Amino acid sequence: MLALDFMRQALVAAVLVGIAAPMIGVFLVQRQMSLIGDGIGHVALAGVAAGFLTGTMPLVTALIAAVAAGGAVEFIRLRGRTGGDLALAVMFYGGIALGVVLMALSPTGTPANLTAYLFGSLLTTSSGDLVLFAVLAALVMGVTWVLRPRFFAVAQDEEYSRASGLPVTALNVLLSVLTAVTVVVSMRIIGLLLISALMILPNATGQLLGRSFAATIRWAVAIGVFCALVGVTTSFYAGTPSGATIVLVAIVCFLVTAAVGGLRARVVRAQHERAERHLHEHGPACGHPAVPHGDHVDYLHDGHRHAAHADHWDEHADHADRSDPAHVDEGVHR
Amino acid sequence: MSTPLIAARAVSFGYDDRVVVDRLDLSVGVGEVVALLGPNGSGKSTLVKGLFGLVPRLGGTIEVEGKVGDASTDHARIGYVPQRHSLAQSVRSTVSEVVAAGRLPHRPWWQPATRGDRDLVARAIEAVGLRDRAHAEVSTLSGGQQRRVLIARALAGQPALLVMDEPTAGVDHASQVVLTEVLGRLAASGTAMLVVTHELDVLADVVTRIVCLDAGHIDFDGSPGAYAAHLADADHPHVHAGHHHDDDSTGGR
Chain A
571 MLALDFMRQA
581 LVAAVLVGIA
591 APMIGVFLVQ
601 RQMSLIGDGI
611 GHVALAGVAA
621 GFLTGTMPLV
631 TALIAAVAAG
641 GAVEFIRLRG
651 RTGGDLALAV
661 MFYGGIALGV
671 VLMALSPTGT
681 PANLTAYLFG
691 SLLTTSSGDL
701 VLFAVLAALV
711 MGVTWVLRPR
721 FFAVAQDEEY
731 SRASGLPVTA
741 LNVLLSVLTA
751 VTVVVSMRII
761 GLLLISALMI
771 LPNATGQLLG
781 RSFAATIRWA
791 VAIGVFCALV
801 GVTTSFYAGT
811 PSGATIVLVA
821 IVCFLVTAAV
831 GGLRARVVRA
841 QHERAERHLH
851 EHGPACGHPA
861 VPHGDHVDYL
871 HDGHRHAAHA
881 DHWDEHADHA
891 DRSDPAHVDE
901 GVHR
Chain B
450 MSTPLIAARA
460 VSFGYDDRVV
470 VDRLDLSVGV
480 GEVVALLGPN
490 GSGKSTLVKG
500 LFGLVPRLGG
510 TIEVEGKVGD
520 ASTDHARIGY
530 VPQRHSLAQS
540 VRSTVSEVVA
550 AGRLPHRPWW
560 QPATRGDRDL
570 VARAIEAVGL
580 RDRAHAEVST
590 LSGGQQRRVL
600 IARALAGQPA
610 LLVMDEPTAG
620 VDHASQVVLT
630 EVLGRLAASG
640 TAMLVVTHEL
650 DVLADVVTRI
660 VCLDAGHIDF
670 DGSPGAYAAH
680 LADADHPHVH
690 AGHHHDDDST
700 GGR
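So the protein lines, in turn, are chains A and B.
Under my numbering, read the first sequence as residues 571 to 904, first letter to last.
Under my numbering, read the second sequence as residues 450 to 702, first letter to last.
Hints in this document: simulated from the structure, not taken from any laboratory.
A couple of the hints might just be wrong.
Said to hold, decoys possible - For the chain A half of the interface with chain B, some residues (derived, Cβ under 7 Å), not all of them:
no.	residue
1	G735
2	L779
3	G780
In this text, all values refer to a predicted model and were calculated from it rather than measured experimentally.
Yeah, the Cβ is synthetic: ideal placement off N, Cα and C, and Gly gets one too.
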C-alpha cells in the first residue's frame with residue numbers, strides 16, 4: 571500500500587486533516603455552530619465548479635468561495651437574529667445548487683468528479699496539491715494553537731470577552747476564515763458534504779474522554795488522526811470513497827466510547843459514597859480541620875472526612891486509614 | 450480628593466429608539482463598596498453594561514482613573530462579573546480554564562500563559578473558596594459555585610474596581626453566606642466594588658454607599674444610614690414625591 575504514490579499522499583493528507591479539522595471544530599461545537607462547516611462546504615462546491623468552468627485551479631477558487639462564505643456567516647451573525655437563519659439557508663443551498671449546475675456546464679466536470687469532491691477520494695490528491703494543503707493546514711494549526719485561549723474565552727462568554735477588551739469580532743471572523751480554509755484543505759480526502767463530520771465527531775468523542783477543555787482537544791485530535799488513517803486504509807482495501815469511510819470510522823469510535831463510558835459511569839456511581847446533605851461549604855475558614863488527602867483536602871466534620879466532589883461532598887472517612895491512596899470515587903473525580 | 454476609579458458624566462445608554470439610562474452621573478472612588486439598587490427595568494444592568502461599552506452610549510463621557518474611555522478599554526483596572534445563572538457548557542471546561550480567561554487582556558495575543566498568570570489564576574480561585582474544585586468541570590458545580598467562578602475570573606485580572614451584576618440572585622442560602630464572606634474579604638483587601646443587587650441584606654456588612662436607580666435616573670445616593678432614613682420617608686407617599694431628584698442633584702458625594 572505504501573509503495574503507491576497516491577496512497578502515501580492520501581495518508582499524509584489524512585494526517586493533516588485529522589489534526590486540523592477537530593482543532594477548529596472544538597470551537598464550533600463550543601459556539602453551538604456545529605453545522606457551519608457543512609454550509610461552508612456547500613458554498614465551496616460552487617467555487618470548485620467555477621474553477622472547472624474557467625480552467626483555474628479548483629483549489630484556489632474553492633478557497634475564495636469558502637473564505638467569502640465564512641466571512642458572510644459572521645457578518646450575518648453580527649447583524650442579529652432576525653432572518654439570519656434564513657439568510658444562511660439561502661447562501662448554503664444556493665452554493666451547492668450553483669456548484670452542481672456549473673459542474674454540469676463545464677466540459678471537464680464529470681459526475682465522477684462531482685462525487686469525488688462531495689464524498690472524498692483517495693485518487694485526487696496530487697503532489698502539487700499536497701504541498702499547498704500542507705502549507706494551509708500548518709497555517710490553520712499554528713494560528714489556532716496560538717490563539718486557542720482567546721478563541722476559548724470568546725466562545726465561552728462573548729459578553730465578558732468584549733467587556734475585558736478582547737477583539738471579539740476580529741477573533742470570530744478569523745475563526746470563520748480558518749474554518750473555511752480547513753474545509754478546502756479537507757475537501758479532496760473527506761469531501762465537501764462530509765468534512766463537517768470530521769470537525770465535530772472527534773470532539774463529541776473527546777468530550778466523553780476528556781475532563782477539561784485542553785484534554786478534550788487532545789483526545790479529539792488523536793481520534794481525528796486515528797479515524798483518518800484507519801478510514802483511508804480501509805477505503806484502499808475495500809474500494810470505498812475515503813471521506814464516507816473515515817466518517818463511519820469516526821461514528822463507530824463515538825458509539826463505542828459512549829457505550830463503554832456509560833457502563834463505567836454506572837459502576838462508578840454504585841461505589842460512590844456521598845456525605846450526608848449539608849448546606850455548609852467547607853473552606854479554609856470554615857472551622858473544620860483540613861486534612862491533606864492525596865491530591866486534595868478532606869475536612870473533618872463530626873468525625874467524618876468530607877472531600878469536595880462536583881457540587882457536593884463525598885464521604886472519605888471509611889477508607890482514610892487504608893494504605894491504598896485510591897479512593898472510591900476515582901474515575902468520575904479526575 | 451483622589452481621582453475616581455470610574456466616573457460617568459451625564460451618560461445616556463440605550464438602543465435605537467429607547468433611552469434606558471438618561472444623563473446620569475455616577476462615580477466610584479478608591480475603597481468604596483457601592484450597592485446599586487432599583488426596581489426591575491430601572492436601568493441598573495444597562496448602566497453597568499454601558500460602562501463596559503456593551504450597550505450603545507448615546508451621550509456623556511466615561512473616565513477610568515481620569516482617562517477618557519469606557520471600562521473595557523482600561524481592562525487592567527476594572528473587572529466585570531456579568532449576570533449569569535450558569536456558565537456556557539457546550540464543551541467541557543474546568544474552573545481553572547474559565548478563570549484563566551481573566552488574564553488574557555493582560556498579555557499580547559501571541560504570548561502563552563506565564564507562571565505569573567497561572568499563580569494569579571490559582572490565587573483568584575482560592576479567594577472565592579474554590580481551591581478544592583479548581584480542576585472540577587464547571588458544569589458539575591452548583592449555581593452559587595458558578596457565580597464564584599465568574600468573580601474569580603474577574604479577580605484574575607487584579608482589578609482595582611469590581612463591577613458585579615446581581616452576584617447573589619437566585620443562589621441558595623449557603624452559597625450566599627460564602628459569597629458575602631468573599632465580598633467581605635475583597636472589600637477588606639481594598640478592592641472597590643459596584644454591585645447591582647436586589648438583596649441588600651446579604652451585602653449590608655460591606656456596603657459603604659447606596660445608589661438607587663429609578664426609570665434611568667438616580668433616585669438616591671448616600672450612606673446606608675441615610676438610605677434607611679430615605680426608606681422611612683418613602684413610607685409617606687407625598688414626601689417621597691418631593692424626593693424625586695433631577696440629575697443635577699445626584700453627583701455622588
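Hint by hint, here is what the structure shows:
Of the supplied interface hints, the one on A:G735 holds, with its beta-carbon coming within about 4 Å of a beta-carbon of chain B, less than 7 Å. Of the supplied interface hints, the one on A:L779 is violated, with its beta-carbon coming no nearer than about 10 Å to a beta-carbon of chain B, more than 7 Å. With its C-beta approaching chain B no nearer than about 6 Å, A:G780 sits inside the 7 Å limit, and its interface hint holds.
This entry does not satisfy hint 2, going by the numbered hints stated previously; all others are met.
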